[in-house]
Amino acid sequence: MRVVFAGTPEVALPALDAIVASEHELVGVVTRPDAPAGRGRKLVASPVAQRAEELGVPVLKPEHPREPEFQEALRALRPDCCPVVAYGALLPQSALDIPAHGWVNLHFSCLPAWRGAAPVQHSIWAGDEVTGATTFRIVKAMDAGPTFGVMTERIREHDTAGDLLTRLAEGGAGLLVKTLDGIEDGSLVAREQPEDGVSMAPKILVEDAKIDWSEPAAAVDRRIRACTPFPGAWSLFEGERIKIGPVTPAEGSLPPGELAVGKNHVVVGTGSGAVRLGEVKAFGKKQMAAADWARGARLASGARLGDPAED
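Residue numbers (UniProt numbering): 1 to 311.
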């Protein structure tokens, strides 16, 4: 089939590369416009745009896919199907109607669970044991279209959202190509999603990533891993935000937010016991081991993380 791939971030690259290596003909790419990045805030093309340019494939970067100019350019590419991975913009019906086989999205959950922008983060935060990826035909309602295929993936004990997303992107790339194969030869028929089991996964904001040390240790652990690497779990220390990396269980207990500082470790109390801090990034500093941060900040046991009002 003639396909136009839609995607923007690095997580979409395994699927793009898998399509290039398949029997399908990649005739174009749709991605988000160049965006400011780095200290200089210079405009930088998305990872998908950069890969497409390396491949010599036409790249479309509409501000919004409802633009008539974009839809005319897409129509001129004559796509049979538009596979999608993390494109990042809502598609109007006028754009959905252009390819004969529609737009087929690779979503990183087992639909209908975790519809929305942050399925991987929410699956970890909720304590799910298994998640996966699903291919489905895009319709107007968010992530509610009929599904073609699914793969499952166990969530490991120490998985961060970044770890899990990397595995799902790799495994999902093969699922997306198999879905395109099945659509082309007629062996796959999309099935409507069940009405039961729907859950939503809205974007996780910086405010959501603030650690509540009064929660049980397991909940603290899941929040941190779900917010790693983005937006980054954080807490206050002496009125300034510090980012906190994944934690591990520690013996004993401390009041929530209270620190116990050792030569090679820093332990913090939660609502159900203590956890050992991994890496910490203080404002204006590089990420470092918690013990190195404690030495640099000259911390002593009894110091606290969290809002002053919580002391």
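Certain hints may be false.
[What the hints assert, rightly or not] DSSO-like cross-link-like pairs, simulated, lysine-lysine; straight-line CA separation at most 30 Å:
1. K203 <-> K178
2. K140 <-> K210
3. K203 <-> K140
4. K203 <-> K263
[As the list claims (entries may be wrong)] Restraint ranges, calculated between C-beta atoms of paired labels, are given here:
5. G262 <-> G171: 19 to 25 Å
6. E195 <-> P68: 33 to 39 Å
7. G252 <-> M288: 35 to 41 Å
8. E53 <-> D212: 40 to 46 Å
9. P216 <-> P68: 17 to 23 Å
10. P68 <-> R41: 37 to 43 Å
Just so you know, the hints here were simulated from the structure itself, not pulled from any lab data. Note that the structure is predicted; figures quoted are calculated from it, not measured. For glycine and all other residues, C-beta sits at the position ideal for the given N, C-alpha and C.
Each hint tested on the structure:
1. K203 <-> K178: Judged against 30 Å, a Cα distance of about 29 Å means the pair holds.
2. K140 <-> K210: Violated, at about 33 Å.
3. K203 <-> K140: holds, 19 Å
4. K203 <-> K263: It is violated: about 38 Å lies between the C-alpha atoms, which goes past 30 Å.
5. G262 <-> G171: 19 to 25 Å: violated, 40 Å
6. E195 <-> P68: 33 to 39 Å: Holds, at about 36 Å.
7. G252 <-> M288: 35 to 41 Å: violated, 24 Å
8. E53 <-> D212: 40 to 46 Å: holds, 44 Å
9. P216 <-> P68: 17 to 23 Å: violated, 54 Å
10. P68 <-> R41: 37 to 43 Å: violated, 31 Å
Against the hints set out earlier in the document, violations occur for numbers 2, 4, 5, 7, 9, 10.
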